[in-house]
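If you're matching them up, the sequences are chains A and B in order.
The numbering of the first sequence is our numbering, which starts it at 1 and goes up by one.
The numbering of the second sequence is our numbering, which starts it at 1001 and goes up by one.
Derived from the structure by calculation, the hints contain no laboratory data.
Some hints here could point you the wrong way.
Stated by the list, open to error - The calculated BS3-like cross-link candidates involving lysine-lysine, where the alpha carbons are at most 27 Å apart (straight line), are:
| hint | chain 1 | residue 1 | chain 2 | residue 2 |
| --- | --- | --- | --- | --- |
| 1 | B | K1144 | B | K1064 |
| 2 | A | K19 | B | K1003 |
| 3 | B | K1226 | A | K64 |
Said to hold, decoys possible - From the structure, some residues in chain B lie toward chain A, with a derived Cβ separation under 8 Å:
| hint | residue |
| --- | --- |
| 4 | S1014 |
| 5 | E1094 |
| 6 | R1097 |
| 7 | S1110 |
| 8 | G1120 |
| 9 | T1137 |
| 10 | G1152 |
| 11 | K1226 |
| 12 | L1229 |
| 13 | S1230 |
In this text, a Cβ means the ideal position worked out from N, Cα and C, and glycines have one as well.
Protein chains: 2
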Amino acid sequence: MKKLFIVGIGPGGSGCFTKRMIECLEESEAVVGYTPYLEYIEMYLDGKKRYSTGMTSEIERCKKAIALAKEGVTTAIVSTGDAGLYGMAGPILELARDEAIEIEVVPGVSSNFAAASRVGAPIMHDMATISLSDLMTPFDLIMKRVRLAARGDFVLCFYNPRSKGRRDYLEKAFQILMEEGYEDSRPVAVVKDALRAGERVRLATIGSVDFSEIDMKTMVIVGNAKSYLSGEWMITPRGYDL
Amino acid sequence: MKKLFIVGIGPGGSGCFTKRMIECLEESEAVVGYTPYLEYIEMYLDGKKRYSTGMTSEIERCKKAIALAKEGVTTAIVSTGDAGLYGMAGPILELARDEAIEIEVVPGVSSNFAAASRVGAPIMHDMATISLSDLMTPFDLIMKRVRLAARGDFVLCFYNPRSKGRRDYLEKAFQILMEEGYEDSRPVAVVKDALRAGERVRLATIGSVDFSEIDMKTMVIVGNAKSYLSGEWMITPRGYDL
Chain A
1 MKKLFIVGIG PGGSGCFTKR MIECLEESEA VVGYTPYLEY IEMYLDGKKR
51 YSTGMTSEIE RCKKAIALAK EGVTTAIVST GDAGLYGMAG PILELARDEA
101 IEIEVVPGVS SNFAAASRVG APIMHDMATI SLSDLMTPFD LIMKRVRLAA
151 RGDFVLCFYN PRSKGRRDYL EKAFQILMEE GYEDSRPVAV VKDALRAGER
201 VRLATIGSVD FSEIDMKTMV IVGNAKSYLS GEWMITPRGY DL
Chain B
1001 MKKLFIVGIG PGGSGCFTKR MIECLEESEA VVGYTPYLEY IEMYLDGKKR
1051 YSTGMTSEIE RCKKAIALAK EGVTTAIVST GDAGLYGMAG PILELARDEA
1101 IEIEVVPGVS SNFAAASRVG APIMHDMATI SLSDLMTPFD LIMKRVRLAA
1151 RGDFVLCFYN PRSKGRRDYL EKAFQILMEE GYEDSRPVAV VKDALRAGER
1201 VRLATIGSVD FSEIDMKTMV IVGNAKSYLS GEWMITPRGY DL
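With the hints as constraints, model all of the structure from the sequences given.
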C-alpha cells in the first residue's frame, strides 16, 4: 500500500515526541520537511532519504511527498506543533485527496500548549488562536478576528506574531485590545522556542511587553479578564470554587 | 526536592503518549487521576500509589496531589488531552502557587487535534475552542462566545458538547450559527473517543448532524466558510495557491 504520514512533531524538543510519531518515522523510507525541522528529528532519520527545502517552499515539499508516496515510497512529511493547525495536513489533503494513497495524520503537541506549559496555566478556558501572518489571510480579516475574540473574552494565542516584514502587527492587535477595553495590566506570556534549545520565557502585561524580543518563533498568549500573574506563573482560572 | 507533575496524557490511546509524560510517570511515586484516565496509563503504574476519584471530584484530587507532594512524595496528577485546556493545570497552580513544591506542567496532545487528525485537516486556520459546560461558566457567556466566534469565521471546536443535563446546548449553539448566516451545508466533524478504544467518526453538516449520538466524550468541529468535505476527509484550506 502506498503510504503517506503527515506528522506533527510538537515543538521540536524530544520530550514532546509521541509514540505514534516515532513509529511512523521509523516505518518511513523518506522524510520531507523544512531543514531545521529535520534536524529536530535527526535521530530517526538514519538511512532514510531526506528532502528538505526552505521556509517558503511548503507546497513544493507537499508535492514531493505526494510524488514519493505515489511511487510506493513510504513517506513522512513533518510539521512542528500539530500538523493540523497552520501545518501541512491541509495542503497535503487538498493536493492528494483524490490519489490512491493511504494518508494518516499524526497529531502532535501544538505550539500554544507547549508555550503555555512553560508559564503554568495561561490558557485553561475558552481560547482562540490567530495567526498574524497576512501572507494568505487578509490583514483586515485578521484584525476583525482579534476584535471579535477580544469581545468574547477568549484567551488569545497569537501565532507568527512578528517578522521583519510585519514588525507592527502585534502592536496593532494590542491597540485593538485596548480599544475593546483591555487594561494595561492584562497578563501576557511571551515564550520563544518553547521546550527546545534557546527557550526564553517572559511574563509581562499588555502595557509592558517588549515587542523587540518577539519573532516568528515566539508564541504570545494574552489572558482573559480573570487571568493573573503569580510569581513565575500566569494563571487563568477555570472557575472552580477552591 | 518536592515535586509535582501535572501531566496531559493526550486522548488516552498510547500513540499520543509523549517521552516526557512517560519519564514523569516513571519518576513519580504516586499518581492521582480520574479512574478511567488511570486505566489509560495502567502500564506505567506498577508499584506506585494510586489515588482516583469520580468525575466531579477534581478539586479533591488536586488537593490530594498537592498534599502528597508536600509530604515529599513525587506525584503526578493526570488530565486527558492537554492539562492546560479545561484540565488540571489551572486549579493545581491556583491552589499550590505559594507552596514550596517544584511544579512541572507536561503538555499533551489536545482533544481537538486528536479528533481533527481522524478526519484530515478540519482546523488548519484560526480556531476557537468553546466548552458548552455551564457548570462554571454562565450560559449566556458561552452563547455570546459562540456568536462572536461565528462572526469572526473561526473554526469552532466544541468541548463537552452534550450531557444528560444539557441535552440541547449544542442545538442552541447551532441555532446561533444559523442566525449568523451559516448555511445548512457547513461541514461538521463529530468524533467520539478519538484515537482510543470505541472511536467513532462522523462527517456531517450543520443541517444533518445527529445530536443523539453526541456525548461528553465527543468533539464537535464546525468548519469555517471555506471548509469542505471530500470523501473521508474534512478540509479547511490554509490559503495556499495550489
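Okay, the hints, checked on the actual structure:
no. : hint                : result
1   : K1144/B <-> K1064/B : 36 Å, violated
2   : K19/A <-> K1003/B   : 25 Å, holds
3   : K1226/B <-> K64/A   : 25 Å, holds
4   : S1014               : 6 Å, holds
5   : E1094               : 6 Å, holds
6   : R1097               : 5 Å, holds
7   : S1110               : 6 Å, holds
8   : G1120               : 5 Å, holds
9   : T1137               : 6 Å, holds
10  : G1152               : 4 Å, holds
11  : K1226               : 10 Å, violated
12  : L1229               : 10 Å, violated
13  : S1230               : 5 Å, holds
Of the hints listed earlier, those the structure fails to meet are numbers 1, 11 and 12, in rising order.
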